[in-house]
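Protein chains: 2
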Amino acid sequence: MIRSLCNISGGDYIDNFTFYSPTCFVFGKDTESQCGSLIRRFGGSKVLVHYGGGSVVRSGLLDRVKKSLEEEEIPYFLLGGVKPNPRSGLVYEGISLCRKEGIDFILAVGGGSVIDSSKAIAAGTVYDGDFWDFYSGKRIEKALPVGTILTISAAGSEGSPDSVITLEDGMLKRGASGDAIRPKFSILNPALTQTLPPHQTAAGITDIMAHLYERYLTNTKEVEVTDRLIEALLLTMIHEGPRVIANPDNYEARANIMWAGMMAHNNSCGVGRSQDWNSHNIEHELSALYDCAHGAGLAVTMPAVFSYVMEHDVMRFAQAAVRVWGCQMDFAHPEVTAKAGIEALRNFLISIGMPRNFEELGAREEDIPELVHMLCRSGGRDGSISGFVTLDEKDCEKIYRLMV
Amino acid sequence: MIRSLCNISGGDYIDNFTFYSPTCFVFGKDTESQCGSLIRRFGGSKVLVHYGGGSVVRSGLLDRVKKSLEEEEIPYFLLGGVKPNPRSGLVYEGISLCRKEGIDFILAVGGGSVIDSSKAIAAGTVYDGDFWDFYSGKRIEKALPVGTILTISAAGSEGSPDSVITLEDGMLKRGASGDAIRPKFSILNPALTQTLPPHQTAAGITDIMAHLYERYLTNTKEVEVTDRLIEALLLTMIHEGPRVIANPDNYEARANIMWAGMMAHNNSCGVGRSQDWNSHNIEHELSALYDCAHGAGLAVTMPAVFSYVMEHDVMRFAQAAVRVWGCQMDFAHPEVTAKAGIEALRNFLISIGMPRNFEELGAREEDIPELVHMLCRSGGRDGSISGFVTLDEKDCEKIYRLMV
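Chains L and X are the protein sequences, given in the same order.
Residues in the first sequence are numbered consecutively from -11, following the numbering used here.
Residues in the second sequence are numbered consecutively from -11, following the numbering used here.
Don't take each hint at face value.
Since copy identity is lost for identical chains, a pair holds within one copy or between any two.
[Said to hold, decoys possible] In silico lysine-lysine, DSSO-like type, Cα no more than 27 Å apart, as pairs:
1) K130 x K172
2) K17 x K209
3) K54 x K172
To be clear, the hints were calculated from the coordinates, so they are not data collected in a lab.
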């Protein structure tokens, strides 16, 4: 669904591509105090500060943001209330506010949901039609500038040209894309993520790993450099994930995860190769229907999808098993190694507190027909989804049943 | 000497940093035909086309560039003649030409030398003083926009804020830096590198590996993500290097090396950590004095420097040996493993055709006192160079003698 990244129609060998990631990343302790001057540098003069719930307020982060804006004498309006799996309703509200007040810069203070909602407002404000057009296939060409202050390492939206929004009418979760919504700057302070509950930290880790696997599962041949970069970031997550779960205050582990999360999704390790995104598509129906954390949904989805499609390219899964999970290669039976890698992923995700099946996720077996229908028949799809392999309704049903 | 990358005064643990790499990379076959429209997109209206010797002319590349500019009706001036280890004389000539003709965009067509010369012209044209001020420590804040068409994977200048120039008066080779000289766009067509002689290809591979090692040798603790990214790119070079030496027409191997070369030096894998750059500093005196290929000089320099400083952090060299070179860890004697990794690097570089010592490089033992003096006493240095470890004149002399 992340269309810009999904060059699944590419050739067998490395494709031509353009990589353009002009976001200015300001990384480290106390960097949120620079938001006012960064907004000035990137041309903002009247700002919408967009955020989620109480934690940004309770932690004092919002006050520090206000102080920085006031020091630069930048007028601002506040719009809180973004929920996980951000909704279209608040986007419409934000667009109205921006137009009414002549706002020229959006500052997102939060995680992927807040940033994605901000990007939708940024694109919608300067567009004559309904912003949902962009989430129905139209490419975003123009938007207000967006800056971010990231509070969770997960979605990678701080460095990506993508946004995912849920349409409240029908709970349809869809993505939009365009260089115009890449953040002008992103402030990454790992310390801001130290107060996250363990479940959210773990869901973020899972989301980052999914962004890597979605790129790893490619049909493009001879893409050694991006294979190796993806493996490097997965190895980082495997090393640092358990360390932050054991000790949420570990600044260095938080910092490594935060940089990995950005690199995992600004596409520097996904260029020139076809990508998968079937796990994301299959998961989106779960978080749309049950409002579960996207990462938690991915933890259940990925092992099921990978087991189902493993035969399409056993050696690719064996490579991940050996290089990422440290499995011994079974040269006589590569499929044994391939499977061991998928099991290692599943066990890792369970070990950091992620759900293992529908029940733990809060999903219901009896909804599978509806999930399959929403997945394969809505938003212009004609009965299948495509990526690493093309999956029809029967395939998707079997995959959902593997999760029960 | 690459000052912007050399945060050697950093703390023990991950430092705050800013990462800003706004270059638009246009990668793949025939992409040079887009140079005219890219110059328009990035605001150029009168162009200096800067290049080196005959190969750009003979191959027809210069004609294709002219055609693209003419199709966009962009007037241009040609300035060829850039030599490896680019000289100050041509920079002064370029600055005069740009001022006289009101040129507002520099297009570099070539390798690192051409790009570095273009960056120097770009900064010098809009500066009232002598451009060499920037190569004596002054930071570049303003420059004409630069675009590049890369013809060799090596210097990484296509994605970096750096430039290295040799002052003809005294053959002093020094670097300058600043975001203002980061290219607006870089066209990376791996096919353009297929006609390089094997020695140049190998020297480029060595330069890329040196950019990675200079970042790997850090005193910053707990930098897993950048360690892993550097290792990923080294593994790519080890896999693809011998493949292009054996078959210069291997497009995929060329493509993997080209992307690795950019990623190795745009600092995405060097952020937040102290870096070394002593091997570069020690080599610069060799290529300044003997006009040898920078990469060839590095092939002789790196193993000598690493052997000399290995004891400073045996476990770091052991980590490289195990993770990059596939050595078995000797848990009782880590220094054995550390040394094996350095030997593996040396043997790899020899295997792709690089020189192993002073004699093969064309350097002379009797010049060592002069080399040491130039290295440690010129350009404001007071008798030592610093990086992973601080090296005084005695250390540097011993290191040069290890190369004999």
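Here is how each hint holds up against the structure:
1. Proximity of K130 and K172 under a CA criterion of 27 Å is satisfied in both settings, with 13 Å inside one chain copy and 20 Å between copies.
2. With identical chains, the CA atoms of K17 and K209 are at most 27 Å apart between copies only, with a shortest distance of 16 Å across copies and 41 Å within one.
3. Within a single copy, K54 and K172 get their C-alpha atoms as close as 19 Å, which meets the 27 Å cut-off; across copies the closest is 34 Å, which misses it.
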